[in-house]
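**Student:** If you want the building blocks of each chain, they are given just below.
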Amino acid sequence: MFGKVIVLRYGEVHLKGKNRDYFENILVKNIRRKLSQFNCELAISRGRYVVKSFAEADEKHIIETLKTIFGLYSMSVAYHVTSFYDDILKCALSIVPKKGSFRVTVHRADKSYPLNSLELSAKLGADLLENYPKLEVDLHNPDFTVNVDIRDDKTAYVYSSVIMCAGGMPVGSAGRGLLLLSGGIDSPVAGYTMSKRGLALTALHFHSYPYTSERARNKVVELAKKLSTYCGKITFLCVSATEIQENIHKFCDESYMITILRRCMMRIAEKVAIKYNCGCIVNGESLGQVASQTLESITVTNDCVKSLPVFRPLIGMDKQEIVDVAYKIDTYETSILPYEDCCTVFLPKHPVTRPTIERVVIEEEKIPNLNELIDTAVENIETVKI
Amino acid sequence: MIYLDNAATTKAHDCVVSAVAKVLSEDYFNPSALYLHGTNVKTQIEQARETIATQLKVNANEIYFTSGATESNTWVFNSAIKNKKGNVVISAGEHASVFNNAVNLKSKGVEVRICPLTNDGRIDFNALKNLVDNNTTFVSVIHCSNETGVINDIAQVVAYVKSVSPNCLVHSDGVQAFCKIDTDCKNMGVDFYSISGHKIGAIKGIGALYVKKPVKIAPLIIGGGQESGMRSGTENVAGIIGFKTAVEYYAKNYDINKVSIIHKKVVDLLKSCGAVINGEDNNSKAIISASFSGIRAEVLQHVLCDCGVCIGLGSACSSKERNNRVLSAMNVGEKAILGSIRISFDVNSVLDDVVNATKIIINKARELGF
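So the sequences go chain by chain: A and B.
Residue numbering for the first sequence follows this note's numbering, beginning at 561 and increasing consecutively.
Residue numbering for the second sequence follows this note's numbering, beginning at 639 and increasing consecutively.
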């Protein structure tokens, strides 16, 4: 018996054609980066990644870590044995329970193996039954499945359960996006969702110091850290919206304050995205959730971004669905810490829910130097590596 | 900087810092040691106990030093009502360290009744009458609200409770009252009274619990037998001596007339700009709760900090909900709660500084759209 290993399987990458190597290379790089904290090896063979030579004490931690890698579909803790039948049987006997229903499933890459899949399943099943008479075969709803995977190097993997992984595409395979990270519940979920489709993230946060606190900023840094568990390294960018907000408050109709602020944020985001090589902007808007997320409001804020797509992966999700994901990725408790953010500094009594582009342009023209303010905000960006 | 968050904590007085430093550098001996130096330190602790007992008008052997009021409150809730049947009554205006201990009791199956507040922030005495019965075994009512400064008539509460349920034990959290208003525990008739050092210019990590003799309470910490076997562990000598020094400083310097003048001036200024005062009447005068509806108090707090003025919040950020349980119990509306600030004074607050700070508060609130 060679010992315990973890067999990894990838999902959608499998469907790729000639550029499959591109996706696989990124996936392997991401796996290696995640596993670098452990003393273990990653063996790569065609269509099969195997983690081996790890300490028993690290097994659970390694499994939890692997679950956070986008691109992996599932994994199994397996025993790596020679493909001699006696070794396979010995291993199967060590993992199968002594009573209850079971089945044997065989996958055979080595077509020269003396028994075909059905024959091996039947023989192994019969020998298990002989050793443990209280076992019974159930091919449809077994309590336990013995999986045997015969490889073409005269070895085999024997395992029982399959552990589901995060799925999706390897982070970085779809390019890089700029995530507008506010500190609320939605934007981390938006980042997670887009990362699942292979997007690497740079995060942009707007603060309003001195109106908002260091704690509010630290909270968002904490969210970015939690997000990086799934999304890999994140560059966290912090921009002050204070001067822009003060000018909006001073010159513009208060019902348009939030609309204009969000348009300014989008203009800043576009400039920052280009500067930091991001091919798109990602935000956590969900249709109709608040006044600034009505169809009309989104139309007016979207109007500012001319050169990049804006992805809103949560646009059709209910709040509870978003909250469920936030719990799953462990950002919820941090998101609900009740520190005020830049959106609550100046509160309009009646924010407009159906703004128009014509009216917002008139309001923006009341601010004497809006473009300068936007450029200054971008110039004074603060960077934190996470 | 003008510091107006003294209900949260206070700057240690210079005399306290000196007294604490002396203990740390000169009188560092273990009070349980039998050599002379240790005995001298033990004597100092007993003198401190005497000073605090005098302030509370009780006997020194009824005072136990703790790490602070949260410990004192928790001790009472965990020990004083252990194995007792019957119900527990607290007010809706309690500090979190009492309120959450009551919630904890409830989770263990104890019947906990919560007495509402009137709109002016006091315990609703008529409601209390309906809640207390001859099965009530424990009552806890805050003496002076940490949110609004409103004073409860503890003597009246104790008299009523004992008349209905003679064996019922009554506790009061006296943190914001101690050294600022009359805290004669004998007159009030309470069985337990919690106090803290850092609200009156002592250092953090020292407090005390008054336990009326002959009321029995289970020991908090078992060990070497310090604090008459009730709270073992080498005494926090520096904290205790600092506490005594702070009490003496307050007794000598705290001028309720001066604080009342400051309180009135600030209240008048705040009212003139449209802010609403929560719990204005029957107030200790050391705390003002004011609501600026329509703006976010936390934002105002940050702007004021940038201007060198430190204030507290009515809307607590320590919790996960942006709300205030006490102001809610006073029927203060949600917008007013989100816009509520807390201004609190100490023995050394200066009228001119406070007035200047209040003007800055009003200006900044207006800039934010109030």
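These are calculated hints, taken from the structure and not from any lab test.
It is possible that part of the hints are untrue.
[What the hints assert, rightly or not] For lysine-lysine, the following DSSO-like pairs were computed, each having C-alpha atoms within a straight-line distance of at most 30 Å: (1) B:LYS842 x A:LYS779; (2) A:LYS594 x A:LYS888; (3) B:LYS824 x A:LYS810; (4) B:LYS973 x A:LYS909; (5) B:LYS842 x B:LYS800.
[What the hints assert, rightly or not] Pulled a few chain B residues facing chain A out of the computed Cβ check, cut under 10 Å: (6) SER656; (7) ALA659; (8) VAL661; (9) ASP944.
Note that the Cβ used here is the ideal one computed from N, Cα and C, for glycine as well.
**Student:** Tell me if the interface restraint on ALA659 of chain B is satisfied: Cβ within less than 10 Å of some Cβ in chain A.
**Tutor:** Cβ of ALA659 of chain B sits 31 Å from chain A, so the hint is violated.
**Student:** Classify the hint on SER656 of chain B as holds or violated, based on whether any CB of chain A lies nearer than 10 Å to its CB.
**Tutor:** For SER656 of chain B, the interface hint is violated, since the closest Cβ of chain A sits about 33 Å away, which is over 10 Å.
**Student:** With the threshold set at 30 Å, check whether the alpha-carbon distance from LYS824 of chain B to LYS810 of chain A stays at or below it.
**Tutor:** Violated. LYS824 of chain B to LYS810 of chain A sits at ~59 Å, over the 30 Å cutoff.
**Student:** For the pair supplied as a hint, LYS842 of chain B and LYS800 of chain B, confirm whether the alpha-carbon distance does not exceed 30 Å.
**Tutor:** violated, 35 Å
**Student:** Given the proposed pairing of LYS594 of chain A with LYS888 of chain A, does the C-alpha separation stay at or below 30 Å?
**Tutor:** Given that 30 Å is the threshold and the Cα spacing comes to 19 Å, the pair holds.
**Student:** Please check whether ASP944 of chain B passes as an interface residue: C-beta within 10 Å of a C-beta belonging to chain A.
**Tutor:** Holds: closest Cβ of chain A sits about 4 Å from ASP944 of chain B, inside 10 Å.
**Student:** Could you grab the alpha-carbon distance between LYS973 of chain B and LYS909 of chain A and see if it respects the 30 Å cut-off?
**Tutor:** At roughly 11 Å apart (the allowed maximum being 30 Å), LYS909 of chain A and LYS973 of chain B satisfy the hint.
**Student:** Check whether the Cα positions of LYS842 of chain B and LYS779 of chain A lie no farther apart than 30 Å.
**Tutor:** Status holds; Cα separation ~27 Å.
**Student:** Can you verify the interface hint for VAL661 of chain B: is its Cβ closer than 10 Å to any Cβ in chain A?
**Tutor:** With a closest approach of 34 Å, the VAL661 of chain B hint is violated.
Figure legend: structure checked against the earlier numbered hints; hints not met, in rising order: 3, 5, 6, 7 and 8.
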